[in-house]
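Both chains come to you apart, so use the hints to assemble them.
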Amino acid sequence: MIQSDRIVRTVCPYCGVGCKIDLHVKDRRVYRVTAPFAAPPNFGKLCVKGRFGHDFLWHPDRLTTPLIRREGTLQPAPWDEALDLVAARLSAIKAESGPDAIALLCSAKCTNEENYLMQKLARQVIGTHNIDHCARL
Amino acid sequence: MTGLVQAFGSGAMTNSIADIPQARAILAIGTNTTEQHPVLSLQIKKAVRQHGAQLIVADPRRIELADFATLYLRVRPGTNPALLNGLAHVILAENLHDQAFIEARTENFDAWRAIVDKYPPERVSRITGVPADDIIRAARLYAENKPAAIFYAMGITQHVDGHQNVLTVANLALLTGNPGVPGGGVNPLRGQNNVQGSCDVGGLPNVYPGYQRVNDEAVRAKFAAFHGVEQPPPRPGLTLSEMLPAAKRGDVRAMLIMGENPVMSDPNSAHVRECLAALSFLVVQDIFLNETAEYADVVLPAAAYAEKDGTFTNTERRVQRVRQAFAPPGDARPDWQITRDLARRMGAPGWDYADPASILAEIAALTPIYGGITFDRLDGDGLQWPCPDAAHPGTPILHTMAFPRGRGLFSPVQHQPPPELPDDEYPFILTTGRVLQHWHTRTMTGRVGGLEFLAPDERVEVHTQDAARLGIADGDWIRVTSRRGSVTARARVFNRPQRGVIFMTFHYAEALANELTLNVFDPVSKIPELKVCAVRVERVPAPEGVSLES
Ligand code: SF4
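For the record, the sequence lines run as chains A and B. The opening residue of the first sequence carries number 1 in our numbering; numbering runs sequentially from there. The opening residue of the second sequence carries number 1 in our numbering; numbering runs sequentially from there.
So that you can see chain B by itself, here it is in the shape it has in the complex (with noise of 0.2 Å):
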């Protein structure tokens, strides 16, 4: 979320879920919204269908959503910025932009323009495979209807440019004034159910709690004082991505991961096992025996969200309250008990919480975003952040009056191809995503019976001509294969994928398209391509034991 704090100052949701029937517009650009926020869609369905919203859809794929379109643009994969562009452009050309928001409340203009007047509908067109036509009804679709709002997800994010990908979102919203309004603004949905929460109070290696910054003297003193010791270096620490390189160094020999499975969500699973087999010493808590937890030297068995108290936040900010319905299994603990009682033994001073809401208590106090929010504010709807103190009522819409850093930033971003494209060795792109029925890399939802019947195995998505040109019918097995892996599963052929574009996802481990994609990281945000690598396809016979009616 690096490319909205760059824009804005703060990387969350502008607006709220509720408020999305009331836009007049809608650009959903990276997400496949019906499965990987079902209930969220619903409401972009219903500013569709009952509010009669104008719906512009942009995927690689011909996702769900699209048959809500008012206009549906197949943009080839890796593209999405040179797409906000040519909007851009055209809105500029016929004048649709809002010149008194622009001079009211952002900077940076004129040297944005000049690199968007370098992409009228024609070259954008070349570059995204999507007609000029379509980007021109595109663009006043979205400039004309007011107020209109942008969703986006990981089709976004999850690229080598994601951060700039992010700006050229931005830089839209700020070019119509669509920020701060309701069923208006930039809305990144968050996948996981507390990306929101855990990016908040502080699980990132560059921000304390409340996104306070870890090489600020003044944050820096504040938590040194509270936490009575020396604090860090002023530097970030490692992030993911750089943590597992570190590890196969021997920089970092020690661990410890709760309710993560890196194995499985990481991109290139054979790096990210030699990584961890490099370790001294590896702990793993969680639910289940994770394909992680083969590496580890101590496993602690963790209560699942039904077993304890707490609080989750949405991808809306809403914090919610979280509470047990019964207790966990066997010895199994919250993992706010085993992360206290191992502070303890360590010799950490002060680590004496009796409860969850003597842990948010300290969250409040030292993060001003959370500053109002107390477990008994939380019985009825949930608080949305900023709610800086006990008498504030939330925040359902940012940046109404002035942006966190003052004026939003519009950011000048060129189009640059994706870090590997097909050539005639590995002539198809592979793009990865989600299904409806699972959740990640299915530790849960592999071991729910109805969902596993759903969807019980990989299906990778092949387009009708590609497949028969390459003699795949319906359900064959083929393998794929890339420069760094292979992977064999049945296909799936219709007319969903673009040619020349295959589809997996990351659920199943024994047909995990995390074999084959890059690791080849944004420099800002830190976020792997996982949307765009090269492989190639063949069809092979099926594995033993497998009936083919099956």
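With the rest of the complex left out, here is chain A (with noise of 0.2 Å):
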């Protein structure tokens, strides 16, 4: 049996119970996940998905380098160049048809930080108020 190096305590990412998961961690690849006994929410329990959804984490399908569209197709490309590219982009659009132009969907996949950060950006940078996500699904 393989040993892990490290467990880690996280929050499950699938459903809004949130459950507290230990990550029995080495490399990159999760060998199992437990949950502690004395911590609400879930007080050691786990479902199907807590327990044992987390293979896509190292799923040959991770996107692992930007991409841009060229000639109809997305290809890689370095970071500055991508994120220069979109500032550019999004700067031009709101000076040319103003910020309203510009929609912003933020996640419930994503952190409280990540949210923040992204409606900050609509309403500080951007300058507009159209910003939401999927939580009405």
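These are computed hints drawn from the structure, not numbers from a lab. Fair warning: this is a prediction, and the values are worked out from it, not measured in the lab. Please note: incorrect hints may appear among the correct ones.
Okay, derived cross-link-like pairs now, BS3-like style, lysine-lysine, Cα gap no bigger than 30 Å in a straight line [to be verified]:
#1 B/K248 x A/K94
#2 A/K45 x B/K146
#3 B/K222 x A/K94
To be clear about the criterion: a stretch of chain B counts as covered by chain A if any three or more of its residues have a C-beta under 8 Å from a C-beta of chain A, and this derived list gives those stretches [claimed, not checked]:
#4 60 to 66
#5 199 to 208
Glycine included, C-beta positions come from ideal geometry on N, C-alpha and C.
This is how it looks when you write it as structure tokens:
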């Protein structure tokens, strides 16, 4: 049996119950998932997704590099080029059509800090309240 | 969650998962808890089996939770407000309401009562399909056993009248004095793992972080001072369901989409595709190349939950630490870094966050309900908001002394028939939902071998008698057609769905229920009608290359 070399306590990525999970980790793999018995909200229990649903983390389909569409197809590009392009296009569209011509979607799968920054980007940097996510679904 | 905001002044789950076993009665309505919130459903089962709680389950499908129920109500899709009005009617008629609570802590009781008086059990039975005796029994079980908790999920909210649905749930709790006590309350179960948190920190078009309204002058002044720029005009921005048509019209020209896949999760996929295709510029940040990214000009590779630090907030308002287990693959980066670096490039001052802890500190400074929440306080159990300052222990139960809006508001609600009802051409009702093994659009679970093995493809649930009439056997291929589109999938024939109603998920790209559903929205909450639309069902030959045994 493979021995993990550390245990990292975090939160299940699936449903709103937000079970605490202990990931038993070695390199970039999760070998086992347990849950702490003495802690809310799940007191040691997990469902099939929280217990076994982590293999997608190292799936070969994971995106590993920015992609820019060139002549109709998405092609790998360095971060600096991708971010410069996004900043330039958003700034240009804001200048031409106003801030409300831009809309942002944040995510119920991302952290509070990430969602906070996204709405701050919308309201402070772009200047629009056009920010929503799929919470309604 | 606009309904609860109207009734109480706060839209979140009122109680804690840990206090569920203290309930003497539980009403679970429009929540397939064992599949959607499995570990929470264990608490409901514990309340029933170990503590003798009375469980009432109301759902169009005979879901697993019904096996644990004292009483199961097979309610016609789209008729929950009538059912809940009917329960309230019986409670009033039999004098089971909590007069002291109503007088001390609520308002608008008389106006509401005038509407509820029009919903005697016989009428409600005709609308809902639930026998009148069962309506009376359910009302007694809920009102006579205290404390009583209500749980609901998208079976309540995902309707054109979802906002009204939620009001009828809140009315029932107010009538019986159940808010603010352990084992009681009104508990909307949030779907995705950080829906609660993304709303809390302002990921909504009408509120800044902490539900501070964009049209409140004091709030605007505070954020103008903090942001150092003039704020956008004091009217709400576009919701997702408004963004898409605006994109098609050309009013919205660019979109930035972080970790969402609207092509799969939104009603009427063909419409979504058209809208996205009309954009001049689309950026998608995600961990996989999802269906939405097909329309992107730039795709940015994001880190997954195990590859970053931060916080998530669960359905019971508990803010918990997310910890990095290992680095993201290749050049992928956490979304907070991507957004930070983009803002800097757009010339924004002060975006020098070194880590998520410093972002949470800023959230706390601007968001009263998160005021006392910092990384170093989250090493143990986490903290339930409201947690206004560094000494505050968090709030397991809301509304114990008062409601944020002062008094709880009774809101009269009338039954509205669903916008699309079955007819000769489309004689079935289609409702949609999830299965246990998969998650939403399967971006993650579709790439976990064991979960795909357990639930590899779409199975359309058809009642045995309907199937017999249409010559459909279990495992046969069928075509489901609505006014908007048509999909082919295999049938699962059994008695869980009710007659005349078929059930599909929105997990599978090959047979996407959202090709069929309506894009009609609740006027207040802007939630789409995903639960009810009219369809036709017919048996078709198996597609080429699919073996019949598989
Ligand atoms: S383990 Fe299951 S019940 Fe717990 S959060 Fe994950 S998906 Fe939800």
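The hints, checked one at a time:
no., hint, verdict
1, B/K248 x A/K94, "18 Å, holds"
2, A/K45 x B/K146, "27 Å, holds"
3, B/K222 x A/K94, "24 Å, holds"
4, 60 to 66, "violated (count 0)"
5, 199 to 208, "holds (count 9)"
The structure is inconsistent with hint 4 alone, although it conforms to all the rest.
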